[in-house]
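Asks: Could you slot chain B onto chain A? The hints should help.
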Amino acid sequence: MKTDDLITLLASDPAPAPAAPLGLRAGIGLLAGLAVTLVLFFWLLGPRYALFSAESDPVVAAKTVLPLVLGLLAVVLTLRSVRPGASLGRTRRAIWLVPAAGAALFFWAFVTTPEQARLRDFLGHSIPVCLPFIVVLSVPLYAGFLAALRSGAATRPALSGALAGLAAAGIATTVYSTFCNEDSPLFYATWYSAGILIATGLGALVGARLLRW
Amino acid sequence: MPDRNQHWSDLLRRANRGDGAAYAAFLAEVAPVVRTICRQRSGGAEDVEDIVQEVLLAVHAKRHTWREADPVTPWLYAIARYKTADAGRRRRGQGGQVPIETVAEVLPEETGDTTAARDLAQLLGRIDTHSAGIVRSVGIEGQSAGEVGARLGMTEGAVRVAYHRALVKLKDLAGAEADRAD
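These protein sequences, in sequence, are chains A and B.
Under this note's numbering, think of the first position of the first sequence as -9, with each following residue one higher.
Under this note's numbering, think of the first position of the second sequence as 22, with each following residue one higher.
Keep in mind that the hints were calculated from the coordinates and are not lab data.
For each residue, glycine too, the CB sits at the ideal point set by N, CA and C.
Heads up, some of the hints might be wrong.
Claimed, not checked - Below, computed lysine to aspartate or glutamate pairings styled on EDC-like, alpha-carbon distance capped at 16 Å:
(1) A/K(-8) to B/D24
(2) B/K190 to B/D107
(3) B/K190 to B/D71
(4) A/K(-8) to B/E70
(5) A/K(-8) to B/E67
(6) B/K190 to B/D149
(7) A/K(-8) to B/D107
(8) B/K83 to A/D173
What the hints assert, rightly or not - Some chain A residues judged to face chain B by a derived CB distance under 7 Å, without partners named:
(9) T(-7)
(10) I(-3)
(11) L(-1)
(12) L0
(13) A1
(14) D3
(15) A51
(16) R73
(17) G142
(18) T145
Looking at chain B on its own, in the form it has when it is part of the complex:
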């Protein structure tokens, strides 16, 4: 569908110039196609939605590597394939998987439990201090992304993205940990 390519190029071009609505439309239209690629490439993994989100984050982080003269779809599909393969490699290397929701729910609720708190502190010690600080503020102390952003001089969106990324990292670390315990 050459139309689709042109349409997406148009949306992403506008997005890269700061048009948030065009960007939202681009991501929303692209997501189902990405989901199909992730599902096919991962052999129907249970955590397809996590991979889709990683692809969208990757698209977001690397959107400056698309050149306006190039078609969007080869760029987008290459990122989707790469991130799906990457997730597959990590899953195989790790054996078990811990869904992100598990970690996300553990973070604010189980801080009363000293073991979990110690484990969490230990995990947080293993990601960079900037990300760890954001997880502490948002996840443990319950501050809003806006508050944290104002303190760190970041936009609210950037804080949320950093928080989400840090959770993905913590999930990986927790998975590796659980693996070693087995």
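With the rest of the complex left out, here is chain A:
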């Protein structure tokens, strides 16, 4: 087929009118994923004892709020990344404030924790629960988000996949943090980050395949 002929026939089929804008689809996908994540959470884990009085301590609240901020910023970045040629904007830099805050909390806790308690707080008692559950709770969110993102056009599928993984993991970690009773930043700044990084890496691998078009 000649290119001119192709142009003629493409032009005979105008009016794209996508069923729903990308942002709306993504919102629906994420909410559907969140519903599944919450079912898994209440079925397998459930909130900790005296959740609200625990979260009234800002250091404890940080382990819920920081991943949420991370996740929401990552949602914005992901949506930008699936529009060809669009810039990621200032959010690209702003998102680094979250790991910076995590690192600051870690060092604050390191300084204020007595030397003999540091290793105990750092290792905690729930690493084998924390790491797999952050990843598992991320999966439904990631799946819902990714389904919507496929209607976009990722020109860097691995990057978009990683960002989607980061977004899903941020929200999943927010949910997980209401179960977890490890309240030292020595624990959560380390192991939450590790769980989020694993989910982000998996997101990049899956995105590199499924977001190609």
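Replies: The following block gives chain B in isolation, referenced to the frame of chain A:
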């Protein structure tokens, strides 16, 4: 050229609201620029025109991802670069290439040859049934795109686009096949 960006934005905006003439103008003006990008990025591949067509199809399929407030050229160039890189990857992964014309000409003419017919049937079995049905109707049975469209509830243009895409897919499959035979 800021003018060009504005001009193309204007055309694509009108196109996205259903103005076929503006869309034809947009695609026709954009094609030479896309061709230059494809040629540069593919290192002067022989099948540049195939890549150009893939880019135009991609622009067509993803034109809802352009937002009217954004400039058109970064959007367009990003798609052209992506599709050219994608074509390059596929070509490297595949070794040989079968020009689309070869497959297109084989389809209607060699159905009398049982080997080719069997190969084709096998290839068609490996793409989705919807696309395979369109290739059978248009390519083998010689129905017009309009007839097929009326039957499937698609516009004639949509049938042609689906047919073209299916041929690209078949070409890839045939290329992979030929490779394995070597």
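Asks: Does the interface hint hold: is A/L(-1) within less than 7 Å of chain B, judged Cβ to Cβ?
Replies: Holds - the Cβ of A/L(-1) comes within 7 Å of chain B, reaching about 5 Å at its closest.
Asks: Against chain B, with CB atoms and a cut of 7 Å, does the hint on A/I(-3) hold up?
Replies: 4 Å, holds
Asks: With 7 Å as the cut and Cβ atoms as the points, is A/G142 at the interface with chain B?
Replies: For A/G142, the interface hint holds, since the closest Cβ of chain B sits about 6 Å away, which is under 7 Å.
Asks: With chain B as the partner, please determine if A/A1 meets the hint condition of a C-beta pair closer than 7 Å.
Replies: Holds. Min distance 4 Å.
Asks: Assess, step by step, whether the Cα of B/K83 is no farther than 16 Å from the Cα of A/D173, and give holds or violated.
Replies: Violated, because 47 Å separates the two Cα atoms, which is more than 16 Å.
Asks: Mind checking the alpha carbons of A/K(-8) and B/D107 for me, to see if they're no more than 16 Å apart?
Replies: Violated - the C-alpha atoms of B/D107 and A/K(-8) are around 21 Å apart, more than 16 Å.
Asks: Let's test the interface hint: is any C-beta of chain B closer than 7 Å to that of A/T145?
Replies: 4 Å, holds
Asks: Mind checking the CB of A/L0 against every CB in chain B and telling me if the closest is under 7 Å?
Replies: This interface hint holds because 5 Å falls under the 7 Å limit.
Asks: Against chain B, run the beta carbon of A/T(-7) and see if the smallest gap drops under 7 Å.
Replies: Holds - the Cβ of A/T(-7) comes within 7 Å of chain B, reaching about 6 Å at its closest.
Asks: Check whether the Cα positions of A/K(-8) and B/E67 lie no farther apart than 16 Å.
Replies: Status holds; Cα separation ~15 Å.
Asks: Taking 7 Å as the limit, does the beta-carbon of A/A51 come near enough to a beta-carbon in chain B?
Replies: 36 Å, violated
Asks: For the restraint on A/D3, tell me whether the closest CB of chain B is nearer than 7 Å.
Replies: 3 Å, holds
Of the numbered hints given earlier, the model fails hints 1, 7, 8, 15; all others are met.
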